[in-house]
Amino acid sequence: MNDILKGTLVQLAAMDPEEVSKHFAAWNRDSEYKRLLDTDAPRLNSAKAVKDWLDKELEKQGDTMYWFAIRAAADNQLLGDITLDVMSWNMRDAFVGLGIGPRDFWGRGYGTEAMRLILQYAFTELNLHRVTLDVFEYNPRAIRSYEKAGFRPEGRQRGAILREGKRWDVLYMGILREEWMESSTRIEKGKTS
Amino acid sequence: MKDIFRGELVRLAVESPETMAKSLSRWNRDSEFLRLAESDPAQMWSERKYKEWMEQRMEKDGDDNFRFSIRTLGDDQLIGDVSIHPQWVNADAWVGIALGERETWGKGYGADAMRLILQYGFIELNLRRISLALHSYNERALKSYEKAGFKMEGAIRHDTLREGRRTDGVFMGILREEWLALQGGTS
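So the protein sequences, as listed, match chains C and R. Position 163 (the first sequence) corresponds to 162 in numbering that gives the first Met the number 0; numbering is contiguous. Position 62 (the second sequence) corresponds to 61 in numbering that gives the first Met the number 0; numbering is contiguous.
There's no promise every hint is true.
Straight-line distance between alpha carbons at most 30 angstroms, and here's what the computed BS3-like set of lysine-lysine pairs gives [stated by the list, open to error]:
1. R:LYS142 / R:LYS1
2. R:LYS142 / C:LYS50
3. R:LYS48 / R:LYS21
4. C:LYS59 / R:LYS21
5. R:LYS21 / R:LYS106
6. C:LYS21 / C:LYS50
7. R:LYS59 / R:LYS48
8. C:LYS59 / R:LYS146
9. R:LYS21 / R:LYS150
10. C:LYS55 / C:LYS21
11. C:LYS165 / C:LYS147
12. R:LYS59 / C:LYS55
If you're looking for bench data, these hints aren't it; they were derived computationally from the structure. This one's a predicted model, so the numbers in the text were calculated from it and none came from an experiment.
Take these sequences, add in the hints, and give me the full structure.
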């Protein structure tokens, strides 16, 4: 069996609140990172506040919540995090979210590979039936990346986001188990195809 | 959609910890009941201890345990309990059932409740298989489980020592396809 948590560009690793909180605090200073990630008004928090929050959030890890740090395969640099939240086990559906912090790793396939790894995890390790995500209309880079990983657009909440005086849609995307099994983008034999 | 909590003889219900504790403490005075249901040494707890235990259990029950009481359709008598405990990643579950009221033994009440819990497991929880374990000396249960569609899968030899006699722990299971075939396309 292959190492299912390792690709060619990135590997999924444990979340260490001590370490990750410092990086989250730094990445959050980049308001673009924050505004691509969620719809809350960006707020700056000390590394300590982020650590306290993370300690609490990580307690939720268990049978429904899977949370990994994303690290560069080459030098182990911390690049971001990815969560897979099983919304309902009886429907076998999970919600995924990911963020890449350092700007020089945006648009270079790191996020896409992390997503491919988590899809493999979702479908072969957790035996899920589908994976869902949402993404903001103003984040075309993410939309392209998710499409590359095999997600299809499924719907949109029109005008759900109000930013800089303009209303934007929240897009929903999903991938079904059968689609993933057939998709050429899935990771096989430890390699990205 | 049909009522999945209602069978031909019984329905699946929920009880307050008080009601359940009252019945449990009475049922457990019957050592035969206890020794068919459990492998722990037969012992009696006070009604109060059962109530506290039920409260704790019910609080812990979430997505990984679904607990029901069994009531007769005829006179709404509380006669037992059944629970199903999914292992979600493998879409498997363990099921356990017990009828405390002796006069309901061997009359199909348990098999009816088991059919309801199997239906719940396969069409509501979308499971792939359901497992159970029993003592080899519980022949009435074995027959009832076979009637509900379970197949013998194995036995842990001599896992129980009671009254100087060693008996086996028996494992039974039913796969989704097998259950669907039993429904004859009506479900």
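Hints versus structure:
{"no.": "1", "hint": "R:LYS142 / R:LYS1", "in the structure": "28 angstroms, holds"}
{"no.": "2", "hint": "R:LYS142 / C:LYS50", "in the structure": "57 angstroms, violated"}
{"no.": "3", "hint": "R:LYS48 / R:LYS21", "in the structure": "10 angstroms, holds"}
{"no.": "4", "hint": "C:LYS59 / R:LYS21", "in the structure": "36 angstroms, violated"}
{"no.": "5", "hint": "R:LYS21 / R:LYS106", "in the structure": "24 angstroms, holds"}
{"no.": "6", "hint": "C:LYS21 / C:LYS50", "in the structure": "8 angstroms, holds"}
{"no.": "7", "hint": "R:LYS59 / R:LYS48", "in the structure": "17 angstroms, holds"}
{"no.": "8", "hint": "C:LYS59 / R:LYS146", "in the structure": "41 angstroms, violated"}
{"no.": "9", "hint": "R:LYS21 / R:LYS150", "in the structure": "34 angstroms, violated"}
{"no.": "10", "hint": "C:LYS55 / C:LYS21", "in the structure": "16 angstroms, holds"}
{"no.": "11", "hint": "C:LYS165 / C:LYS147", "in the structure": "28 angstroms, holds"}
{"no.": "12", "hint": "R:LYS59 / C:LYS55", "in the structure": "20 angstroms, holds"}
In this structure, the hints that do not hold are numbers 2, 4, 8, 9, in rising order.
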